[in-house]
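Those protein sequence lines, which keep their order, are chains U and Y. Residue numbers in the first sequence follow the UniProt record's numbering, run continuously in steps of one, and reach 247 at the last position. Residue numbers in the second sequence follow the UniProt record's numbering, run continuously in steps of one, and reach 110 at the last position.
No wet-lab data here; the hints were simulated from the structure. Even glycine gets a Cβ: it sits at the ideal position worked out from N, Cα and C. Take the hints with a grain of salt, since some may be wrong.
As the list claims (entries may be wrong) - Some chain U residues near chain Y, calculated using beta-carbon distances under 7 angstroms: (1) Ile46; (2) Thr63; (3) Glu110.
Claimed, not checked - Okay, the calculated bits of chain U under chain Y, using three or more residues with CB under 8 angstroms as the criterion: (4) 53-60; (5) 144-150; (6) 157-163; (7) 179-187.
Said to hold, decoys possible - Residues of chain U clear of chain Y, computed beta-carbon distances all greater than 12 angstroms: (8) Ser12; (9) Pro32; (10) Asn71; (11) Pro105; (12) Arg125; (13) Arg190; (14) Ser195.
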Amino acid sequence: PAERKRFYQNVSISQGEGGFEINLDHRKLKTPQAKLFTVPSEALAIAVATEWDSQKDTIKFYTMHLTTLCNTALDNPTQRNKTQLIRAAMKFLETDTVCYRVEEPAALAELQKNEWDPVVAWAERRYNVAIGSSTSILGPNIPASTKETFVSQLASYNMWALQGIEFIITQLKSLILSMGLIDRHMTVERAVLLSRLEEEYQIQQWGSVAWAHDYDLCELRARVAAGTLFVHLCLESSTVKHKLLQD
Amino acid sequence: MAVLGSPLRTLRGLLRELRHVGGRAGRPYRNTPAYRHIVAAFRAHRVTSEKLCRAQQELHLQAATYLCLLRSVREHTALHQEYHGKGERSPEEVAGLVGFRLPQQPGGKG
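Build the full structure now, drawing on both the sequences and the hints.
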């Protein structure tokens, strides 16, 4: 069900053997697969607890992005291992939003050049790779060495963080923008704007329809913000050493 | 590092969002784990001045990210309630959504 009634008064966190747990009154929160909900970071537990405490009369699961991310990390419902997750993430590089350019209309092509070129340049510098951009329908030709570098980088992250990164990439349809977020090079608002550049351009031309545009924009921002926070909290030094994250 | 505005502004925004979220009846928002954690973190790093060191900038960015999350969820929920949560609308309401009014037809469609 999309919603159910709030059935608990108090939300609190506690520290168990495996990490931090969420208590709904006297009940311990479980994942969809009935595992004990445990997270390696206290700050993450607090943020999850806040999601549960924010619910008013009904529990709106579709707004609880951090809880969902933790459930995915704990249950791994798609049963993907690290290699598969990395492969899924890397697929997006071949048609990365910021590399995939239009030729017309000229104003949009110009906007893409002005807004996206600096991000590509940043990624090339930061990772010492060649990426480029293309107007071809096939997208840019990413050198094998570039792919190897990114595969290596993604492999260096623990499983939880990697789940989060793959999530962000599927939302933004861009590996490069996602790396920009992970590396703290840009804010969520900026990353989302760059991901939605063509939509924003059309909105400027034709006007905005709140129930579609703003709705999508807010939803994307919420998901990407949750993903980013989730990844950073899973990468923080004390968290990284945590048993839960060793795969 | 991402360019952000004033840390104080971020903190105020965050605390405002937490107030919206609110604790359950009888529990003021200041007494929630989230509020305490954020205030303690900002105090510990003294993230309110102009010049920030790297650790402070990272904390500020994390705070800004959380602020974005809270704000976007609130706005999205409000839009959902407004446009998607009301069930079937009458023809008059639907016309009104796109700025039209239904014509008056006292004699019926004829």
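How the hints compare with the structure:
{"no.": "1", "hint": "Ile46", "verdict": "holds (5 angstroms)"}
{"no.": "2", "hint": "Thr63", "verdict": "holds (5 angstroms)"}
{"no.": "3", "hint": "Glu110", "verdict": "violated (23 angstroms)"}
{"no.": "4", "hint": "53-60", "verdict": "holds (count 3)"}
{"no.": "5", "hint": "144-150", "verdict": "violated (count 0)"}
{"no.": "6", "hint": "157-163", "verdict": "violated (count 0)"}
{"no.": "7", "hint": "179-187", "verdict": "holds (count 4)"}
{"no.": "8", "hint": "Ser12", "verdict": "violated (8 angstroms)"}
{"no.": "9", "hint": "Pro32", "verdict": "holds (20 angstroms)"}
{"no.": "10", "hint": "Asn71", "verdict": "holds (17 angstroms)"}
{"no.": "11", "hint": "Pro105", "verdict": "holds (26 angstroms)"}
{"no.": "12", "hint": "Arg125", "verdict": "holds (15 angstroms)"}
{"no.": "13", "hint": "Arg190", "verdict": "violated (7 angstroms)"}
{"no.": "14", "hint": "Ser195", "verdict": "holds (14 angstroms)"}
Going down the numbered hints, you'll see the structure goes against 3, 5, 6, 8, 13, while the others check out.
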